[in-house]
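Trainee: These are the residues of each chain, in order.
There are 6 protein chains.
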Amino acid sequence: MAEVHSPVLGSSHDSPIQIRVVTPITTTSFRDAQALGELAHAGLLLSHTYIDYGPASIESAFEEMLAGPGAVRKIVDAAADGMDAVVIDCFGDPGLDAARELVRIPVVGAGQASLHVAAMLGFRFSIVTTLQRVFHLNAHQVERYGLSSRLASFRAVDEAVLDLDRDRTGLIQKLSDQAMAAVRQDGAHVIVFGCTGMSDVAAGVRAELLARGIPVPVVEPLAAAVRLAEAFVRLGLTHSAITYPPPPSKDIVGFEFPDRG
Amino acid sequence: MAEVHSPVLGSSHDSPIQIRVVTPITTTSFRDAQALGELAHAGLLLSHTYIDYGPASIESAFEEMLAGPGAVRKIVDAAADGMDAVVIDCFGDPGLDAARELVRIPVVGAGQASLHVAAMLGFRFSIVTTLQRVFHLNAHQVERYGLSSRLASFRAVDEAVLDLDRDRTGLIQKLSDQAMAAVRQDGAHVIVFGCTGMSDVAAGVRAELLARGIPVPVVEPLAAAVRLAEAFVRLGLTHSAITYPPPPSKDIVGFEFPDRG
Amino acid sequence: MAEVHSPVLGSSHDSPIQIRVVTPITTTSFRDAQALGELAHAGLLLSHTYIDYGPASIESAFEEMLAGPGAVRKIVDAAADGMDAVVIDCFGDPGLDAARELVRIPVVGAGQASLHVAAMLGFRFSIVTTLQRVFHLNAHQVERYGLSSRLASFRAVDEAVLDLDRDRTGLIQKLSDQAMAAVRQDGAHVIVFGCTGMSDVAAGVRAELLARGIPVPVVEPLAAAVRLAEAFVRLGLTHSAITYPPPPSKDIVGFEFPDRG
Amino acid sequence: MAEVHSPVLGSSHDSPIQIRVVTPITTTSFRDAQALGELAHAGLLLSHTYIDYGPASIESAFEEMLAGPGAVRKIVDAAADGMDAVVIDCFGDPGLDAARELVRIPVVGAGQASLHVAAMLGFRFSIVTTLQRVFHLNAHQVERYGLSSRLASFRAVDEAVLDLDRDRTGLIQKLSDQAMAAVRQDGAHVIVFGCTGMSDVAAGVRAELLARGIPVPVVEPLAAAVRLAEAFVRLGLTHSAITYPPPPSKDIVGFEFPDRG
Amino acid sequence: MAEVHSPVLGSSHDSPIQIRVVTPITTTSFRDAQALGELAHAGLLLSHTYIDYGPASIESAFEEMLAGPGAVRKIVDAAADGMDAVVIDCFGDPGLDAARELVRIPVVGAGQASLHVAAMLGFRFSIVTTLQRVFHLNAHQVERYGLSSRLASFRAVDEAVLDLDRDRTGLIQKLSDQAMAAVRQDGAHVIVFGCTGMSDVAAGVRAELLARGIPVPVVEPLAAAVRLAEAFVRLGLTHSAITYPPPPSKDIVGFEFPDRG
Amino acid sequence: MAEVHSPVLGSSHDSPIQIRVVTPITTTSFRDAQALGELAHAGLLLSHTYIDYGPASIESAFEEMLAGPGAVRKIVDAAADGMDAVVIDCFGDPGLDAARELVRIPVVGAGQASLHVAAMLGFRFSIVTTLQRVFHLNAHQVERYGLSSRLASFRAVDEAVLDLDRDRTGLIQKLSDQAMAAVRQDGAHVIVFGCTGMSDVAAGVRAELLARGIPVPVVEPLAAAVRLAEAFVRLGLTHSAITYPPPPSKDIVGFEFPDRG
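Chains as they are written, first to last, in this note's numbering: chain A, 5 to 265; chain B, 5 to 265; chain C, 5 to 265; chain D, 5 to 265; chain E, 5 to 265; chain F, 5 to 265.
Everything labelled a hint here was simulated from the structure, so no lab data went into it.
All figures in this text were calculated on a predicted structure; none of them were measured in a lab.
One or more hints might be untrue.
Claimed, not checked - Selected chain C positions facing chain E (Cβ under 10 angstroms, derived; list incomplete): (1) Gly-126; (2) Phe-127; (3) Arg-128; (4) Ser-153; (5) Gly-191; (6) His-193.
Claimed, not checked - With beta-carbon atoms standing in for the labels, derived distance ranges: (7) E:Thr-173 - B:Leu-214: 51 to 59 angstroms; (8) A:Asp-36 - F:Asp-167: 51 to 59 angstroms; (9) E:Gly-240 - A:Leu-214: 47 to 55 angstroms; (10) E:Gly-240 - F:Ala-185: 17 to 25 angstroms; (11) D:Asp-181 - C:Asp-162: 50 to 58 angstroms; (12) A:Thr-173 - F:Asp-167: 37 to 45 angstroms; (13) D:Arg-172 - E:Pro-249: 23 to 31 angstroms; (14) E:Ala-37 - D:Pro-249: 28 to 36 angstroms; (15) A:Gly-86 - B:Ala-164: 42 to 50 angstroms; (16) D:Asp-181 - F:Ala-185: 19 to 27 angstroms; (17) D:Ser-152 - C:Val-257: 40 to 48 angstroms.
We put the CB at the ideal spot given by N, CA and C, even for glycine.
Put together the whole structure using the sequences plus the hints.
Mentor: Spelled out as structure tokens, the structure:
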């Protein structure tokens, strides 16, 4: 039987997709615009913002809580600006559920996106992150997204978020060491970074792991979230209005949200 | 604090991505080329093939087993043809694990992709499929992908795969009835079709559900798989070589695979 | 063998225990001081406060997020005031994890406490709450506390939080109807209210259910939390400093916390 | 907005609560009355009894089975004596379910109570117990109470129950060593003793762990059970009559129970 | 390629296997010797005994507890008598763990055996039993044996154990009605009886279900246990000495066990 | 009360049971007829066959997929030959679900049977197999059979299937080493071989482990499957026709099945 190839070319969404990346901290030197630009392409325009109020970085439940309102505010703005989707640039997904109640464009969290991508690429994944103290926060995310049976372990490089970019070469070594330990000792088949502050060393870690003979996928959460947001836009899909109905109209003291008290 | 927008434009992968869709059955009237074309766009070329040996359609474990070897053969061919990724056009993901052992380009199953997409869009999803007899096969997929805690229920329209296109209007009504029951009675917040043979009525079902006041995402598995394959290519990620190492070289009787006995 | 009874009288903590109840909303008519007083006793002093900024009531992820910072601020104040423990007066436990990072006195959430109490009293429990829209938020709590295998179902009376006190007799009937349905149709052996706004009808619902021949425990979350806070104080136990280490010192914009930027 | 503090004093249950502690073994030197007295206070009277028939101590399923009937007999007596609640003084909770079918006052097992307390205080708990041989018995308890997802590990000091009090200082060291290993190697954030025979060294272990820089809660099961029993009495709550209905009246050979053949 | 058939005849265990069935109640009219005889065959000798002390029948946790010691005593006797294996003739498996600690011949519980058999025969099973009050006891068994994910539902015929043989025809109808409901409404693919008192109507229920067009396996627990005991003997396998080590030697008051105080 | 022993002798199925063992590979030196003969006895006739097309051995998802169709063909033949049951002689259970859809005699997989046997014999089991690369395939089986909560670990001897019989003494040492590590380090109480190619060293491994003081059951999957097949035949039970209904009649290209296109 002859094989039938039917090369086809479509025209859906031929104006570029527009995605806003919201980095939910107040340290405005955190995200390198250059690096972010590498995620864009002919069909995808990216814009970027930090939040106006919240913590300098996120390494605790306290800071995650404080990051939420500012992030949601920026997501509401992004929808008003006509964006096609929003990405929350933090593995902890601060404000994700709340924002989805307020806007109908897809809101994608770096944690949720990368965990699902990791689950699709191999048997078990390990999360390699900054500090041991966030392991249980990440564990609750994994549980909440229903992926606990795919989790191999947590590993930390013992560096605070804002120190990650001080020694890039050293960071690549530390991340590779922990990833190697996750594979060799914990049975990981896939590695996910547990922090979006490691995005610009992902390629370096992949190269280093290959050099060490450890051929595992390394999932970088920000990139994963941007790609899934793009996919949702092209699929014409957004989060369920039954899970995320708009909050009832009522008085709110101390926070300002457009069209909300 | 002023908001900083940094619109950025990248250039990664600016030659179009090429994805091969493998429909793992021998009924060559099943997949409408026109409809498939709507999934392509300026940055994405799609090609398509059926399998050479296997069942006319898949509604049993027996047929799923028979579909596997032919599908894997076509996936090996796709890699040899220089494709960037392959999509298996069947919710049951026949041949997915085996194919991933043979090729290093991303192989995406319609079932796996759509179940993860559904899990990301809302609290619980229901699978609306053809026949009750496949419920347990789908349940094993959900379990295997680690998503059981997100599953609300299974529903069937009681139509065989090859009968799905006989009455499109009727099919839209039946699917909408079952989706509505899944939402109202089973607590579903998201609907996934359990068969790629329903791809061309997805838009109709979404419209009908909206008309009935049921604003749930309806995930069509073939489209979900194409979009995720595209995302994996842009991410530079493929399945783990630890989960899917190449099979050892050994004698095989009765099946021919390039570079395999 | 003769039975040995050794009546013993101790003296531990003979000055009254002091617990602050934090109601994490801004509607200052919500909590009846009289009713709260009934939870105190010779060995237990209760004080009460609302929050200064946040939502009028909590029925969404958005409002829960907004309630957190104000609740944590009041919990920090309670610790500074020399309280022995704090109770968060909302089933959603807003701010619980964050607050535990900031103070070393026990912080008890009404949701967490009542779910564990319910789990100890019978085989499976159902949560009877205000609105269907919070089912999934409560489901995530149950999952997070590790109690999903004990959950029978969710039921709602279809009344917003701030409407609960409009018709007390009607509310008792509605809650009893849903509790009865949970027992008869869903296999519940224990009922938990999913909102602390129903505290003053708990006795009425218990009486009504008994009158209907349904002898199930009805767990009222605020009372459960106060009693567990008292128990933790007498046990000399508080939350783990490994799960809840103090957040690192760093800049925070837009929120003021004593001893925190 | 001004903060409203409403100090309130109640009068519920102002006659002291009476709790009977049933130690379900026949070794009458096991429980120190002095130590038990420290659990009482102005509002709480404790009485104590051993069982008349059963094993000298409990370290096997066989002994646990033999402890049940004697324990239930003493619990029935306690209810007849007008006690407000009963505590079973053994981590294995022998007779708990059976006793709850016979009496309507709260019956609290040391195992169930301490496991739920541990689950509320931190992310994951480890059980530090006497002998490796009981690990699986404790695992079944954790599973039955629905808390498996919160369990980090089991650790044993390798001392039989009745040898625990031979060398108190040594025991504190051994328990601290195992607790430290549970935290450092197994990821425990909370420690629960797996035997009530360690109650009088709990304070010593907490002090030793703090001295070693390991700030974890150490849950002592007997104290946890007494405090929860007290909480249930003040809450007016007891176990569900649907889970624990009275056994049908029928002939029983070889055991005597009041009002039962 | 020619197919090679190698009919082979072995000689392992050619003296008949001897299995003792222990019915752990004191109602000596319960088990019909004739019916029991039908489980024997040329290679299998069966003997039978009731217990000397315990309840008339088992329908509560209390009675299950009281059945244990008498059952274990008879199992110890069976081992002393040279039996090859023992079967506990009650779905609740009273004394199973304790007995396994005392003897090294296989001890098989009717509940454990039938639940595993049911799990092997189809996707999900339902337990059809006597009374609703034992549902949660059975649920704990299913959980303990690790089979919860295979459980569809519980159903009861609302007849006490000792009334089951009053109206055999009626019982067949009632069991068939509940089995049918389990299949049609709860998604069961296999039925397990939740009581060994229904053994002599199993064939009748199978016939009735077939007549009604419901082709599901009906697993009778006593027969399942006898067959698995036989299988274990032929396999030369018995329970693990690590899970079930002999209890330490110590004083026991009020119970007599050979070679145990 | 006098003990009543009723030795009884039955006559069910007194013509020998006939079981066909299907070894789903094409290496016809794999299965030793002598060894197989030891599984037969006076009441059990065994016959044996390899498959006509498929792989030389199975160590990957690819080979497992290729083994399926040939195995199913031989199982259909076995039913046509009047066999009472069929055993699939491979731990991976290739073709199990498909075959059950085509025949109504019991089809028992070595993996499914041995995993359930292991689960019945002790608290947790470890799978000791050939190569690390199959761990995740076995993990999916354990998950699918619902037994994940009973799994301690995977261990491999690092020998390919077809090399297992090269050095029997060495293999016994390697298997014993891994089993010992599983018990000592991973908490296993029962060992299951993860490959039927180890059947003739099972006795040697048991002896070696006993000599090392490790008294754990060692479950050999082929023997377990033969014994369970025998048990199902005597029980008159086979797999559910609801889980495994016959596939609809339809065109199949490239495979020949009796009575199927």
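Trainee: Indicate, hint by hint, whether the structure satisfies it.
Mentor: Going down the list of hints, with the structure as the test:
A distance limit of 10 angstroms between C-beta atoms decides the matter here; for Gly-126 of chain C the minimum to chain E is near 8 angstroms, and the interface restraint holds. Annotation: interface hint on Phe-127 of chain C holds; nearest CB of chain E at approximately 4 angstroms, less than 10 angstroms. Given hint, Arg-128 of chain C at the interface with chain E, holds; its Cβ is 8 angstroms from that chain's nearest Cβ, closer than 10 angstroms. Interface restraint check: Ser-153 of chain C against chain E, minimum CB-CB distance 7 angstroms, threshold 10 angstroms, status holds.
For Gly-191 of chain C, the shortest C-beta to C-beta distance to chain E is roughly 8 angstroms, which falls under 10 angstroms, so the interface hint holds. Because the beta carbon of His-193 of chain C sits about 7 angstroms from the nearest beta carbon in chain E, less than 10 angstroms, this interface hint is met. The hinted range of 51 to 59 angstroms is satisfied by Thr-173 of chain E and Leu-214 of chain B, whose Cβ atoms lie roughly 54 angstroms apart. One distance hint, 51 to 59 angstroms for the beta-carbon pair Asp-36 of chain A and Asp-167 of chain F, holds here, with the actual separation near 52 angstroms.
The hinted window of 47 to 55 angstroms between Gly-240 of chain E and Leu-214 of chain A holds, with their beta carbons roughly 49 angstroms apart. For the hinted restraint 17 to 25 angstroms between Gly-240 of chain E and Ala-185 of chain F, the CB-CB distance of approximately 24 angstroms keeps it satisfied. Between Asp-181 of chain D and Asp-162 of chain C the C-beta distance comes to about 56 angstroms, which sits within the given range of 50 to 58 angstroms. At roughly 43 angstroms, the beta carbons of Thr-173 of chain A and Asp-167 of chain F sit within the given window of 37 to 45 angstroms.
Evaluation of the 23 to 31 angstroms hint for Arg-172 of chain D and Pro-249 of chain E yields a pass: the beta carbon distance comes to about 27 angstroms. For the hinted restraint 28 to 36 angstroms between Ala-37 of chain E and Pro-249 of chain D, the CB-CB distance of approximately 34 angstroms keeps it satisfied. Here the CB-CB span from Gly-86 of chain A to Ala-164 of chain B is close to 45 angstroms, well matched to the stated 42 to 50 angstroms. Checking the proposed 19 to 27 angstroms range against Asp-181 of chain D and Ala-185 of chain F shows it holds: the Cβ atoms sit about 24 angstroms from each other.
The hinted window of 40 to 48 angstroms between Ser-152 of chain D and Val-257 of chain C holds, with their beta carbons roughly 42 angstroms apart.
In summary, the structure agrees with every hint in the numbered list given earlier.
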